[in-house]
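Engineer: In the order they appear, the protein sequences are chains A and B. Residues in the first sequence are numbered from 1 upward in steps of one, following UniProt numbering. Residues in the second sequence are numbered from 1 upward in steps of one, following UniProt numbering.
Among the hints, a few may not be true.
Remember, identical chains collapse to one label, so a pair may be satisfied in a single copy or spanning two.
[Unchecked claim] Capping the alpha-carbon separation at 30 angstroms, the derived lysine-lysine pairs in DSS-like fashion look like this:
| no. | residue 1 | residue 2 |
| --- | --- | --- |
| 1 | 114 | 86 |
| 2 | 78 | 138 |
| 3 | 99 | 122 |
| 4 | 63 | 22 |
| 5 | 114 | 89 |
| 6 | 99 | 138 |
| 7 | 27 | 63 |
| 8 | 75 | 86 |
| 9 | 138 | 75 |
| 10 | 13 | 78 |
| 11 | 64 | 27 |
| 12 | 138 | 33 |
| 13 | 122 | 85 |
| 14 | 138 | 86 |
The hints are simulated quantities; they were obtained by calculation from the structure and are not laboratory data.
2 protein chains.
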Amino acid sequence: MTDFNLENIINHKISMLSILMKRQVLKIIAENKLDITPEQWVVLFYLWQENGLSVGEIASRSKKDFANVTRIVEKLIKMGYVSKKKSRKDGRIFQVFIKPKADEMKEDIQNCWKQASDVALKNISEEEQSTLVGILEKIENNIALELD
Amino acid sequence: MTDFNLENIINHKISMLSILMKRQVLKIIAENKLDITPEQWVVLFYLWQENGLSVGEIASRSKKDFANVTRIVEKLIKMGYVSKKKSRKDGRIFQVFIKPKADEMKEDIQNCWKQASDVALKNISEEEQSTLVGILEKIENNIALELD
DNA sequence: TAATTTTATTTGTCACAACAAATAAATGTT
DNA sequence: AACATTTATTTGTTGTGACAAATAAAATTA
């Protein structure tokens, strides 16, 4: 245990990189004068994939905390990007629906992500990228198994 | 722009993985009944590397926000893990010093990180690991350049 | 030296993550 | 049907991230 060095721990490396990346996307979103956060946009993304998802489904697909999704959706409602309706079939379920205001900015924000991605992947070959994605997915699976 | 898929965006992949990993370390720390958060421990780590670092130095080495380091250090002080002294040479600078209570748990928490790391890297060869680290560092540099 | 600018740190505010506890509406059991 | 259990969602609390504004002590400049 004498050789422990946090900076070599993959866990810490990825967490620092994630923070840097978030800072970068936030900066790009601000430069483009868009009124939304990356997390709010992630929720919108899953709704564009399938409109009317329940809060719980959004949580499990995005791997976010259930309670936090509730609050992100709340904000999206306040901003007029989505609406929420109680399901008729099951009164416990609330479904979330995209509103036109969200559609209007869809492409703008996709461009922010692409911009961010282009900067991050500068000088990294297609091959390296797919190697990277492959290893990241392996790690993701390893951890997902542990977390039930 | 019709082929946009957030799940392929490296940015988002890393951010989700980072969240999973944080959840996992938290779980391991809880299982070991340790009273500390990963971020607090990151601050301690930099102090073990060099005791008496200023708040600002901790912030830049850990790539954390200056203001947030102030608050993390505050908590570490309340918990008795570190102390803070105004520098004699420069009255603007506050130096942070490790206290014995922190040393006592050093090895325990290092083990938590190692445990987490072992799970994450299961079935990932040494070679893949160094490839991964190399690519992550490239990305880190790309972004660091953009963020000044 | 006084006034201005820079640098280090703190405080305030908002968004989000984690987790526990509270609701509320099914479902299952007796 | 009445009661307990499960499931979906919300509310509460704490910790952290980002950023802007405030403070305080150099360092610089007039």
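Engineer: Now tell me, hint by hint, if it's right for this structure.
Structural biologist: Status of the hints after comparison with the structure:
{"no.": "1", "hint": "114 x 86", "result": "neither (35 angstroms within a copy, 45 angstroms between copies)"}
{"no.": "2", "hint": "78 x 138", "result": "neither (38 angstroms within a copy, 39 angstroms between copies)"}
{"no.": "3", "hint": "99 x 122", "result": "neither (35 angstroms within a copy, 43 angstroms between copies)"}
{"no.": "4", "hint": "63 x 22", "result": "both (17 angstroms within a copy, 12 angstroms between copies)"}
{"no.": "5", "hint": "114 x 89", "result": "neither (39 angstroms within a copy, 47 angstroms between copies)"}
{"no.": "6", "hint": "99 x 138", "result": "neither (36 angstroms within a copy, 39 angstroms between copies)"}
{"no.": "7", "hint": "27 x 63", "result": "both (24 angstroms within a copy, 16 angstroms between copies)"}
{"no.": "8", "hint": "75 x 86", "result": "within (18 angstroms within a copy, 42 angstroms between copies)"}
{"no.": "9", "hint": "138 x 75", "result": "neither (34 angstroms within a copy, 35 angstroms between copies)"}
{"no.": "10", "hint": "13 x 78", "result": "between (36 angstroms within a copy, 28 angstroms between copies)"}
{"no.": "11", "hint": "64 x 27", "result": "both (23 angstroms within a copy, 16 angstroms between copies)"}
{"no.": "12", "hint": "138 x 33", "result": "between (36 angstroms within a copy, 29 angstroms between copies)"}
{"no.": "13", "hint": "122 x 85", "result": "neither (43 angstroms within a copy, 43 angstroms between copies)"}
{"no.": "14", "hint": "138 x 86", "result": "neither (37 angstroms within a copy, 47 angstroms between copies)"}
Comparing the model with each earlier hint shows violations of hints 1, 2, 3, 5, 6, 9, 13 and 14; every other hint is respected.
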